[in-house]
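Quick note, the sequences are listed as chains V and Z, same order.
To convert, count from 1 in the first sequence and add 106; that's our numbering.
To convert, count from 1 in the second sequence and add 842; that's our numbering.
It cannot be assumed that every hint is accurate.
Said to hold, decoys possible - Okay, derived cross-link-like pairs now, DSS-like style, lysine-lysine, Cα gap no bigger than 30 Å in a straight line:
#1 V:K130 x Z:K918
#2 Z:K948 x V:K250
#3 V:K155 x Z:K848
#4 Z:K900 x V:K155
#5 V:K227 x Z:K1004
#6 Z:K887 x Z:K948
#7 Z:K1003 x V:K166
#8 V:K145 x Z:K958
#9 V:K250 x Z:K946
#10 V:K164 x Z:K918
#11 V:K145 x Z:K1003
#12 Z:K889 x V:K130
#13 V:K136 x Z:K882
#14 V:K152 x Z:K889
#15 V:K111 x Z:K889
#16 V:K227 x Z:K1003
#17 V:K136 x Z:K958
#18 V:K203 x Z:K1004
#19 V:K111 x Z:K882
As the list claims (entries may be wrong) - If you want the footprint, here are the derived chain V segments under chain Z, 3+ residues with CB under 8 Å:
#20 125 to 137
#21 187 to 201
#22 204 to 214
#23 223 to 237
Calculated from the structure, these hints are not laboratory results.
Beta carbons: idealized from backbone N, C-alpha and C, even for Gly.
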Amino acid sequence: MIGAKFGFDFLNQREQKVIAEYDKKISEAKESFPIENQKAVLTFEKSVKNLKVLLENKIKTSEFLLAIAGNTHKDIYFTQLNSNVNEGLIEINGVAKNLAVVSQAATAFSQISGVIDVEVKNVRDMTSTATFTLNLKVNPSFFK
Amino acid sequence: MKETTKQSVSILMITLVFASGVFVLNKFTLVAFSEYQANKMEIQKKKEALQEVANFRKLAEELNNKYNSLGGDFYKISEAIPTSPRFADLLAIIDSIARLTEVKIKDIAFRDVPNKKANSDAYSLAEISLNISGPYENVATFFAETEKELRLMDTVNLSMKKTKTLDVVKNKQVVSEQLEVGAVIQSYYQNTK
Chain V
107 MIGAKFGFDF
117 LNQREQKVIA
127 EYDKKISEAK
137 ESFPIENQKA
147 VLTFEKSVKN
157 LKVLLENKIK
167 TSEFLLAIAG
177 NTHKDIYFTQ
187 LNSNVNEGLI
197 EINGVAKNLA
207 VVSQAATAFS
217 QISGVIDVEV
227 KNVRDMTSTA
237 TFTLNLKVNP
247 SFFK
Chain Z
843 MKETTKQSVS
853 ILMITLVFAS
863 GVFVLNKFTL
873 VAFSEYQANK
883 MEIQKKKEAL
893 QEVANFRKLA
903 EELNNKYNSL
913 GGDFYKISEA
923 IPTSPRFADL
933 LAIIDSIARL
943 TEVKIKDIAF
953 RDVPNKKANS
963 DAYSLAEISL
973 NISGPYENVA
983 TFFAETEKEL
993 RLMDTVNLSM
1003 KKTKTLDVVK
1013 NKQVVSEQLE
1023 VGAVIQSYYQ
1033 NTK
C-alpha cells in the first residue's frame, strides 16, 4: 500500500507537468489568436448566416403593389389599402361602379399567385356606386 | 510464554498491521489515487480546450480565406447587417430616397428591438415608423428604392389612404390626389455579445 502511494505520487508529478505544458500551449494559442479576433470572426459568421436567411425572406413591397395594381378591375378605385406581412393580410377599401363590379374585382384578386382567399366585407350600395372592403389572405410568398 | 499468550500477541500484531494498513490506505494511498484521477480529468479538459482553440483558429482561417475571395462583398455584408442599429444612417438613407422620389416625410421614429437572448445567433431589429405622402407612383418608387438599398430593409406594415390636396400651380389652385402612407420598416443589425 505504501508502494502504491509512492507510485501514485510519481504519476501525479508527471501529470502535473503535462497539465503545465497544456496550460502553456493554450495560453500561446490564445495569445496568437486574441479574443477580439475570435469575437469578430464569430459576429461576422453570424451576420453572413442571418443575411442569407433575410435575403431569402426579403419583402418586396413594390412587387406586391404592382401585382395588386395589375389585377385591379378597371371600374373600381381604392380609398385605402393596408397590408400586414406578419398576419399575411391585405385589406382594401374602395369604391366600385356597382355590386357586380365588386364581385368581379374580388374574383380577379383571387387569381393572383399567392392569394389564398378573398373575403368580401362591408359592401354598401350607394345607388350610383358601391363601397366595399376586401380582405386578401395571402401566403408569405406573396410578399417576396 | 504460554501458548494462549503467544496466540493473543499474534492476534494483536495482525490487528495492528491490518489497522495500520487501513490507516495508510485512507490517509495517503486513496488521497494520492483521487489526486491521480482528478489530474487525469484535468488533462482531458485541457486537451479539449486546446482542441477548441485549434478549431476556432481553423474556422477563422477558413473564413478569412473565404472572405478574402469575396473582396468588396465583405464591405457589403457588413453594411447590409451592421453590428449596431445605426439610426443616423437609416435616417440619411430614408431622407435621400424621399428626396429622390419626391415623397414628403411627415414624421419618422426609430425603435431599437434588441435580441436579448444570451449566446444567440439571432439578429436584432432597428425599426422605423414613418408617415409619408405623395402621388401613388412616387410612393411605389419610394418603396422600390428601399428594397434596393444596401442596408437591408423590409416593409412589414403598410397603410395607404387616398386624400385630396389643394396645390397652387402658376397662381391657380389645383386639386390633386395624394396618398397618405403609414409604414413600419424593419432593418436589422447583428448582436455582438
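Taking the hints in turn, this is what the structure says about them:
1. V:K130 x Z:K918: Status violated; Cα separation ~40 Å.
2. Z:K948 x V:K250: Within the cut-off at roughly 28 Å; holds.
3. V:K155 x Z:K848: 85 Å, violated
4. Z:K900 x V:K155: 18 Å, holds
5. V:K227 x Z:K1004: Measuring from Cα to Cα gives roughly 20 Å; hence the hint holds.
6. Z:K887 x Z:K948: 60 Å, violated
7. Z:K1003 x V:K166: 20 Å, holds
8. V:K145 x Z:K958: 17 Å, holds
9. V:K250 x Z:K946: 26 Å, holds
10. V:K164 x Z:K918: 16 Å, holds
11. V:K145 x Z:K1003: Distance ~47 Å between K145 (chain V) and K1003 (chain Z) Cα, so the pair is violated.
12. Z:K889 x V:K130: Since the Cα atoms of K889 (chain Z) and K130 (chain V) sit roughly 12 Å apart, the hinted pair holds (cutoff 30 Å).
13. V:K136 x Z:K882: This hinted pair holds, its Cα atoms lying about 23 Å apart.
14. V:K152 x Z:K889: Holds - the C-alpha atoms of K889 (chain Z) and K152 (chain V) are around 27 Å apart, at most 30 Å.
15. V:K111 x Z:K889: 27 Å, holds
16. V:K227 x Z:K1003: Since the Cα atoms of K227 (chain V) and K1003 (chain Z) sit roughly 18 Å apart, the hinted pair holds (cutoff 30 Å).
17. V:K136 x Z:K958: It holds: about 28 Å lies between the C-alpha atoms, which stays within 30 Å.
18. V:K203 x Z:K1004: 18 Å, holds
19. V:K111 x Z:K882: Cα-Cα ~17 Å, so holds.
20. 125 to 137: holds (count 7)
21. 187 to 201: holds (count 6)
22. 204 to 214: violated (count 0)
23. 223 to 237: It is violated: at least three residues are needed, and the region 223 to 237 of chain V offers just 0 whose Cβ sits closer than 8 Å to chain Z.
When each numbered hint is compared with the structure, violations occur for hints 1, 3, 6, 11, 22, 23.
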